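The chain contents come next:
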Amino acid sequence: MIFTTEEILETIRMIQIEHLDIRTVTLGVDLLDCRRDSVDETIKRLREKLLNATEGFLDTIKRVELEYGIPIVNKRIAITPASLLISSLDVEDYIHLAKELDKLALDVGLDFIGGYTCFLEYEVSSTDKVFLKSIPIILNETERLCASIVTATTKAGINLDAIRESSYVILETARIKARPIVCAKLIVLCNPPGDNPFMAGAFHGIKRGERVINVGISGPGTIRSAIERLPKDADILSIVEEIKRVSFKITRSGEFIGKEIASRLGINSVSVDISLAPTPEEGDSVARIIERIGVETFGAPGTTGLLFLLNDALKKGCLMASSSVGGLSGTFVPVSEDKGIAEAVGKGVLTLEKLESLTNVCSVGLDMIPIPGDISPYTLMGIILDEMAIGVMHNKTTAVRILPVPGGKPGEWVELGGLLGRAPIISVNSTPCIDIFKRGGRIPPPLTSYRN
Amino acid sequence: MKRAIITVTGIDHTGIVAGISSVLANFGVNILDITQTIMGDIFVMALLVDITKLEDITPLVEKLLEEGERLKVKVSFEREEIFRVMHRI
Chain A
37 MIFTTEEILE TIRMIQIEHL DIRTVTLGVD LLDCRRDSVD ETIKRLREKL
87 LNATEGFLDT IKRVELEYGI PIVNKRIAIT PASLLISSLD VEDYIHLAKE
137 LDKLALDVGL DFIGGYTCFL EYEVSSTDKV FLKSIPIILN ETERLCASIV
187 TATTKAGINL DAIRESSYVI LETARIKARP IVCAKLIVLC NPPGDNPFMA
237 GAFHGIKRGE RVINVGISGP GTIRSAIERL PKDADILSIV EEIKRVSFKI
287 TRSGEFIGKE IASRLGINSV SVDISLAPTP EEGDSVARII ERIGVETFGA
337 PGTTGLLFLL NDALKKGCLM ASSSVGGLSG TFVPVSEDKG IAEAVGKGVL
387 TLEKLESLTN VCSVGLDMIP IPGDISPYTL MGIILDEMAI GVMHNKTTAV
437 RILPVPGGKP GEWVELGGLL GRAPIISVNS TPCIDIFKRG GRIPPPLTSY
487 RN
Chain B
4 MKRAIITVTG IDHTGIVAGI SSVLANFGVN ILDITQTIMG DIFVMALLVD
54 ITKLEDITPL VEKLLEEGER LKVKVSFERE EIFRVMHRI
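Residue numbers (this note's numbering), protein chains in the order written: chain A, 37 to 488; chain B, 4 to 92.
Some hints here could point you the wrong way.
[As the list claims (entries may be wrong)] So the derived label-pair ranges between C-beta atoms look like this:
1. Lys-80/A to Glu-72/B: 41 to 51 angstroms
2. Thr-467/A to Ile-92/B: 49 to 59 angstroms
3. Glu-159/A to Thr-55/B: 54 to 64 angstroms
4. Lys-80/A to Asn-29/B: 49 to 59 angstroms
5. Arg-87/B to Ser-466/A: 48 to 58 angstroms
6. Asp-36/B to Glu-264/A: 50 to 60 angstroms
7. Thr-467/A to Lys-77/B: 53 to 63 angstroms
8. Gly-43/B to Asp-410/A: 34 to 44 angstroms
[Unchecked claim] Cut-off 27 angstroms, straight-line C-alpha distance, at most; resulting in silico cross-link-like pairs (DSS-like, lysine-lysine):
9. Lys-135/A to Lys-80/A
10. Lys-80/A to Lys-139/A
11. Lys-85/A to Lys-243/A
12. Lys-243/A to Lys-280/A
13. Lys-351/A to Lys-243/A
14. Lys-445/A to Lys-165/A
15. Lys-56/B to Lys-77/B
16. Lys-85/A to Lys-295/A
17. Lys-352/A to Lys-280/A
18. Lys-98/A to Lys-77/B
19. Lys-98/A to Lys-169/A
20. Lys-77/B to Lys-66/B
21. Lys-295/A to Lys-56/B
22. Lys-295/A to Lys-5/B
23. Lys-139/A to Lys-98/A
24. Lys-295/A to Lys-243/A
25. Lys-66/B to Lys-432/A
26. Lys-98/A to Lys-56/B
27. Lys-98/A to Lys-66/B
28. Lys-85/A to Lys-135/A
29. Lys-5/B to Lys-98/A
Think of the hints as simulated: they come from the structure by calculation, not from any bench.
From a predicted model like this one, the values you see are computed outputs, not experimental measurements.
We put the CB at the ideal spot given by N, CA and C, even for glycine.
Start from the sequences, fold in the hints, and give me the full structure.
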């Protein structure tokens, strides 16, 4: 036999027991050539183009899944940022566009469509204000469309006015139907990549090609099991080496599946995002990996150090495996989606401040965190500003996807359902931070952005 | 040549090899290599098969899974390349 029984069983075990899967295959589609003089014509043209571009997409995924035996969980598309497709002072135009995009996702059978995105890192223009006004409405009236707001980049600095607007957008989105889950489709970003396959922040970057396949792999369960198989007293280097080995294997399988799907669809470009994306399944948890390596509960002193070790070892393994690594490629710490992380918040061990500090060493930010719905808009602005500052200074992606729960009090558990999981509402430091946002304007880019 | 590996795991009993190989024979699928072992109490069999002539593998995979249920064993089907990318540099 060309492979040993152990090798064959290792692959089977990773898939069947340890939840190795392709978390998402996201088709990026360029829509810039769909722009026309009228909004109606633009929408008509982009609908035609998207229907054409997604032809055979789901069937191909289904066949590849069957042939290679690796589950592919989500099928999505990411489009050219919607704020670049139409420019209008009438909010109804944006709502019309959003509803058409959502309908298209439903018609094709896609899980999500990403790219209801605007870039506000330099300024908030009059049409941007209309676009922002549409976000709470469209997120509450559609199911599959995801929105993102870029408020900072290392090149531009941090736009305080954009952060102020974003805070009101988040709170209004949560208020309309009083369903915190709606805010899971909205993210505020710093330094976003244009090949991110994960929602809510996926969009198809400018000049990234006509069509690309962006693949997101998931494997916290495989890493945790591999570490569990090591002796309890294994030294730190053995743990690093083991993570690299597993990371290599899961990246190779993800890249292969991505290339296979792309080649069957006649697409040349593939990007692999190796972010460790946990699920609420027992064991498929980033927290459990960190706890296994050496802290009693995720969030204890030492957690940041171990997350750095994990994220860095992962990258070293995956960069050996693939030259097409892109997207976010970090470790996700989404509170509700990871049972261990949610429990740590419930125990009071993991705080919002510790979650913020974790983003210094891994992607991607404050993610899927229920907060009390009566939070001051200024406090939320302060939380966003701190997260943006980390991204700007470290030249990395950071994000805020926070879920205000109307009427919710700290410690109460919120059920989000399915892969979004459940989590307790976290306590927020509400010491006032109003004056900075009354000043407004843009914090200039850091010295590190002047590289020439 | 398109090849796949079929993995069968479960409690050992008579008829497993016969059951699986007869499904393969019915689909005209040639077995290129076969290995089996007992790990603890668990029977493990891996078959390397040639699927070049099959245009659509869906009926074969469905029939194999059905046969696995009948034999009370777990059957997995994977194209060979997935093992190659994971285990060979």
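Here is what the structure says about each hint:
1. Lys-80/A to Glu-72/B: 41 to 51 angstroms: Because 49 angstroms falls inside the window, the suggested range holds.
2. Thr-467/A to Ile-92/B: 49 to 59 angstroms: holds (54 angstroms)
3. Glu-159/A to Thr-55/B: 54 to 64 angstroms: With Cβ atoms ~59 angstroms apart, the hint holds.
4. Lys-80/A to Asn-29/B: 49 to 59 angstroms: holds (51 angstroms)
5. Arg-87/B to Ser-466/A: 48 to 58 angstroms: Roughly 56 angstroms apart at Cβ, these two residues keep to the hinted range, so it holds.
6. Asp-36/B to Glu-264/A: 50 to 60 angstroms: Cβ of Asp-36/B to Cβ of Glu-264/A: about 32 angstroms, so the range 50 to 60 angstroms is violated.
7. Thr-467/A to Lys-77/B: 53 to 63 angstroms: holds (57 angstroms)
8. Gly-43/B to Asp-410/A: 34 to 44 angstroms: violated (57 angstroms)
9. Lys-135/A to Lys-80/A: Roughly 13 angstroms between the alpha carbons, so the hint for Lys-135/A and Lys-80/A holds.
10. Lys-80/A to Lys-139/A: It holds: about 13 angstroms lies between the C-alpha atoms, which stays within 27 angstroms.
11. Lys-85/A to Lys-243/A: holds (17 angstroms)
12. Lys-243/A to Lys-280/A: violated (33 angstroms)
13. Lys-351/A to Lys-243/A: holds (26 angstroms)
14. Lys-445/A to Lys-165/A: Distance ~31 angstroms between Lys-445/A and Lys-165/A Cα, so the pair is violated.
15. Lys-56/B to Lys-77/B: holds (25 angstroms)
16. Lys-85/A to Lys-295/A: holds (23 angstroms)
17. Lys-352/A to Lys-280/A: holds (6 angstroms)
18. Lys-98/A to Lys-77/B: This hinted pair holds, its Cα atoms lying about 21 angstroms apart.
19. Lys-98/A to Lys-169/A: Measuring from Cα to Cα gives roughly 38 angstroms; hence the hint is violated.
20. Lys-77/B to Lys-66/B: OK: Lys-77/B and Lys-66/B at ~13 angstroms, within 27 angstroms.
21. Lys-295/A to Lys-56/B: holds (23 angstroms)
22. Lys-295/A to Lys-5/B: holds (17 angstroms)
23. Lys-139/A to Lys-98/A: The hint holds at about 22 angstroms.
24. Lys-295/A to Lys-243/A: Roughly 20 angstroms between the alpha carbons, so the hint for Lys-295/A and Lys-243/A holds.
25. Lys-66/B to Lys-432/A: It is violated: about 49 angstroms lies between the C-alpha atoms, which goes past 27 angstroms.
26. Lys-98/A to Lys-56/B: holds (20 angstroms)
27. Lys-98/A to Lys-66/B: holds (17 angstroms)
28. Lys-85/A to Lys-135/A: holds (16 angstroms)
29. Lys-5/B to Lys-98/A: holds (18 angstroms)
Comparing the model with each earlier hint shows violations of hints 6, 8, 12, 14, 19, 25; every other hint is respected.
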